[in-house]
Amino acid sequence: MENVKNRSDHPLNSILRTDRIPHIWCPGCGIGTAFSACMMAIQTSGIDLDKTVMVSGIGCSGRGAGYTRLDSYHTTHGRAIPFASGMKLANPELNVVVFSGDGDLFAIGGNHFIHAARRNMDITVVCVNNLIYGMTGGQAAATTPCQAKTTTTPRGNPDPPFSLPLLAFAAGASYVARWTILHTRDLTKSIEEALNRRGFSFIEVLAPCPTGYGRRNKQKPLDTLKIYQERTVIKNGAHPMDAVMEFGSSITLGKFIDEERPTFSENYDRTCRPQSA
Amino acid sequence: MKPAVLTGEHFMTGDVACAEGALAAGCLFFGGYPITPATEIAEHMAARLPDVCGTFVQMEDEIAAMASILGASCAGLKSMTATSGPGFSLMMENLGLGICTETPCVVVNVQRAGPSTGLPTLGAQGDMMQARWGSHGHYEIIALAPASPQELFYLTITAFNLSETYRTPVLIMTDEVTGHLSERVVIPEARAIKLRQRPRPKGRKDRFKAFQPGPNGVAPMAIAGEGYGIHVTGLTHDERGYPGMNAETQLEMMTRLTRKIQNNLDDIIRTESYRLEDAEIVLVSYGISGRSSLAAVDEAREQGIQVGLLRLITVWPFPERQIQELAERVRGFVTVEINLGQVHLEVQRCAGGKVPAILVGHPGGSVIPPEQIVQTLKAAF
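For the record, the sequence lines run as chains A and B. Counting in the working numbering, the first sequence runs from 6 upward without gaps. Counting in the working numbering, the second sequence runs from 631 upward without gaps.
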């Protein structure tokens, strides 16, 4: 009974769709921790929850939208950002959070990501980067490290991965950070901060996928967390060019960019419809 | 600053009339991507939407354009995009999302000849079956086919009204010729334009089920930011909007999605008859080919052929009953369309082998001359 009582007292219950728990994420998966951090940040940020919307694409992380009691939209593969952009432009009062995975946001959805960043669309994008396509069973992603084994790179990945913070910065994002699921306090604080920033905010969260990635690359969930603990260096303010991600040696974490510049809507009002400003 | 409804007489292209129809219908969001011959719709919306405090955004591609109008609609605005064949292909996946999530919006396809890049500057009606079945899975769709700039104006309003009433994307399947044709367009006073709005929820927010159908089979729609805490997904879902990965939930959802269209055909299907009363042969046509057919009816009548025209204003859902009834009393059907037989297949199906159904069509690049229709009539009947 003690346990049951504790469970019903979970601090996030008020914004979780508890009748949909248990979730689909595997044991050892990092998405749940990233999702909790995101939920916690939304709850503590002081933003109006009734005016807060979560939009997801497709994939393991894309299921995030289904577990929040907020208005939530589970869209098509790669298209969460343009859907979210339409929402934000239709009702600028909404706080729009995109919660999705690396495959969804940076392979099939890569074009939408860079254009929303270029326009400084006023949305917060949380990307859980587990280096792999989890939902379909462990195929190479645009973030899979070179030489890593996946079901579609059985001899090792011949391709180099994207650096997501560098890409976000180069495209024009006004807030860029990278954390891991082991750094939950920094991560939560960062998402909270991003929610209160105007403009395109991007937070990359490194998370283990023991089922799809770890198994083939001889990395148990705890091994991945040890890498997150031992090889990460926090360098707030580092240039995204210097935000390295070498799993064998060093991973740079931190808040890299935090610069205010006019959002799409501000520019549109100023240029196209000054009467409404 | 101009009002949303430009009451008065105008000389304008079909594309511009379409954009003005959208504004008159209360459209406040356009997400687009340039493509010939639909670009002028986007250009006109870019110029006009700020007048009415609306938003125009040129997205990075047609996939994003379609996604953006769904997002805007879920946030409460009437929204639209316009494209042509290649862009229409790119929109197909998110069109399915709109159908599955019951999100009202209007998609205009100013058809050009395909396949592939085809004839960008020349008209065709080759996307009619794509309009019906282009997104994956089985579904119902509403598609309207205007035959003039004036009708583009009115039918764009109708498209918004139907999309709001039935909570579904509605297609306007026009073509390059109608889109670029300049003609007189009369825009009535704003108060003479009847607008419909999506059904809205009433009662307790915590008991609201986002996909529980109302009396006409359509679920009231909660808007993002109103505090209903809804979940909306393209996965197969139940009345609460929760995913259900099994055949039962799929059957229930598909029954809801198809019944709301099939049970309201009288409200959705529009056709126009011309000299059908005593017709022995029926031309079945739509859009710009409907105008060729109209001229052909008079010409053929002068030559003693008892012919009439059934012009399909709603092409999908297909006016089955109308064709089936005619099949009981006429000698044959001739489908006139700028493709090699698409809507023709439906006419054949509904004629049911009772009378012959033949096609006058070509693969695109020009309108069908009335003489060609008359010649075919003379040769076949």
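A hint or two may mislead.
27 Å max Cα-Cα, derived DSS-like pairs, lysine-lysine [unchecked claim]: (1) A/Lys154 - A/Lys194; (2) B/Lys984 - B/Lys1008; (3) B/Lys1008 - A/Lys56; (4) A/Lys56 - B/Lys984; (5) A/Lys56 - B/Lys839; (6) A/Lys194 - A/Lys223.
Hints were generated in silico from the structure; no laboratory data involved.
For each hint, the structure was consulted:
1. A/Lys154 - A/Lys194: It is violated: about 34 Å lies between the C-alpha atoms, which goes past 27 Å.
2. B/Lys984 - B/Lys1008: holds, 20 Å
3. B/Lys1008 - A/Lys56: violated, 66 Å
4. A/Lys56 - B/Lys984: violated, 59 Å
5. A/Lys56 - B/Lys839: Holds - the C-alpha atoms of B/Lys839 and A/Lys56 are around 19 Å apart, at most 27 Å.
6. A/Lys194 - A/Lys223: Status violated; Cα separation ~32 Å.
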